[in-house]
Amino acid sequence: MDEPTSVIETILRDQRAALLDAWVAAQLSAPGVRTDLISERELRVDSDRFLTALSDAVTADSASADVSGPDWATVRGLLTDLSRSRATQGFSPTETATFVFSFKQPLFGAVQAQAPDDSAALTAALWQATELIDALGLFTSEAYLRSREEVIRRQQDELIELSTPVVKLWDGVVALPLIGTLDSARTQVVMESLLERIVETDSTIAIIDITGVPTVDTLVAQHLLKTVAAARLMGADCIVSGIRPQIAQTIVHLGLDLSEVITKSSLADAVVVALERTGFEITRRRTKLG
Amino acid sequence: MDTGNRIPVLKLGHLLLVSIQVDMHDRMALALQEDLAERIVQTGARGVLIDISGLELVDSFIGRMLADIAGIARVLDAETVVVGMRPAVAITLVELGLSLPGVQTALTVERGMAMLPAPTDRLGPEADEEAEDAVGDG
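So the protein sequences, as listed, match chains U and P.
Using the numbering used here, you'd call the opening residue of the first sequence number 1 and step up by one each time.
Using the numbering used here, you'd call the opening residue of the second sequence number 291 and step up by one each time.
Looking at chain P on its own, in the form it has when it is part of the complex:
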């Protein structure tokens, strides 16, 4: 796998954290979509947190990608929260007519985490397993 051109997907307990710190090009966005879908299934994550505070440029493709990720996650029974959008990016997306319906948003990663289901919501034996995974990933 070409890891140099991919955005890392971190597992934090029952959540997946994606922090986009570079301006993405289209291929990177598609790779992220694939990775996320796979990781959600693999880890059984209930929430996806996408931090785009590092994103300064945005085009309609990236906007669509964010909406798509939320859609994919919802199908896989995970909620998506997009956090840290810059004013300029927000204005651009609105001007492009992409208001990301169905995507939850928050100002900061902290607030975004609070919006996602808490780990105690999960039932079953996987909860312990996940905790171990999280340590392994960190």
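Looking at chain U on its own, in the form it has when it is part of the complex:
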């Protein structure tokens, strides 16, 4: 009990109810409190769970402010969950970390009340509390950032997946309408999904429509040629359509050789070629005039 390190432990064990009240009050009275995003009851539940986990962890390993140890696993898990849910709720990183940092004030008050006479012990206990809260606060921030990055990465993947739909136009004819600039990651997905769909649908013609591609540089052209070559290796022919006048000019100015590839200015022209090659013919139905 006389050890300065155990002051926090004692406080957490004996005065939890008072601490919780003081803490929730501090959080609610803080400037910029987001009562629009979280209710007092939820705040109280979160705080209570954090206090329980914290007092367990401090009891188990009271001498250390190193929160990466195994004794702190529960606290870490709790804070990670909290950060994730707050990140999705729309809390800012500061507001999320403030949850932990706002615990400083009630904790310091309790520490001061516990050891009012011995200034050396008081300083030591306060230092211990500061280190602990800082470490946990920083961990919260990190967890918040990690969960945000996860969200961004998932959205990126979904965007890539969604932006490369391979559609079946006809028996034996698939089309890939490309929208946006092609980078290496997208090209990989485009190539794979096109080739896989060729196998799935048993198609002999693939139309790559680049109407939605704003610019074609050497890299994009190279990617296109690679895709065309890979499709040819599998036994399917590619038609590149939707080449706009500016892009045609760029291609010629860049000195790119697209002579191996069938190119058409519009998707309609490409469809006609594809149907001719697969043995179909489009004719207008005769309608009676008048």
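Each hint should be verified, as a subset may be incorrect.
[Stated by the list, open to error] On the chain P side, residues computed to face chain U include the following (Cβ under 7 Å):
1) Leu320
2) Leu383
3) Ser389
4) Thr395
5) Ala396
[Unchecked claim] Sample of chain U residues at the chain P side, in silico, Cβ under 8 Å:
6) Leu28
7) Gly32
8) Lys226
9) Met234
If you are wondering where the hints come from, they were derived from the structure by calculation, not from laboratory data.
From a predicted model like this one, the values you see are computed outputs, not experimental measurements.
For each residue, glycine too, the CB sits at the ideal point set by N, CA and C.
Put chain P on the given structure of chain U with help from the hints.
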């Protein structure tokens, strides 16, 4: 002849059919090249169909081998069609810079057969002989 390590070359009428169902190593590829060249001359085949749908791994050597086989066959007056290439294999070959120029490709064995010259294209008395051979091989 060490048949356990060789890929069988089947004769189907006027065609030779090679179905690669295992991942090949270099010695196997060389043996296949030799066997095919011999069989083309022996049977007077006009077309070679190489089914690589079972091939999941490919390196530059195998890629070169496919191109070489097509070259050899062309010299011996036979056309080569490579069929059933998997997307991953196609991507690998293109990344390796091997786009197999001069090799015809098709999605399936059926389509590949349709691309090769029909048996009626052949003139001369060998046509009957071939039919007998095909029965013997099957």
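Okay, the hints, checked on the actual structure:
1. Leu320: With Cβ-Cβ at 22 Å, over 7 Å, it is violated.
2. Leu383: Cβ of Leu383(P) sits 6 Å from chain U, so the hint holds.
3. Ser389: It holds, given that the least Cβ distance between Ser389(P) and chain U is near 4 Å, below 7 Å.
4. Thr395: Since the shortest Cβ distance to chain U is 4 Å, the answer is holds.
5. Ala396: 4 Å, holds
6. Leu28: 58 Å, violated
7. Gly32: 53 Å, violated
8. Lys226: Cβ of Lys226(U) sits 5 Å from chain P, so the hint holds.
9. Met234: 5 Å, holds
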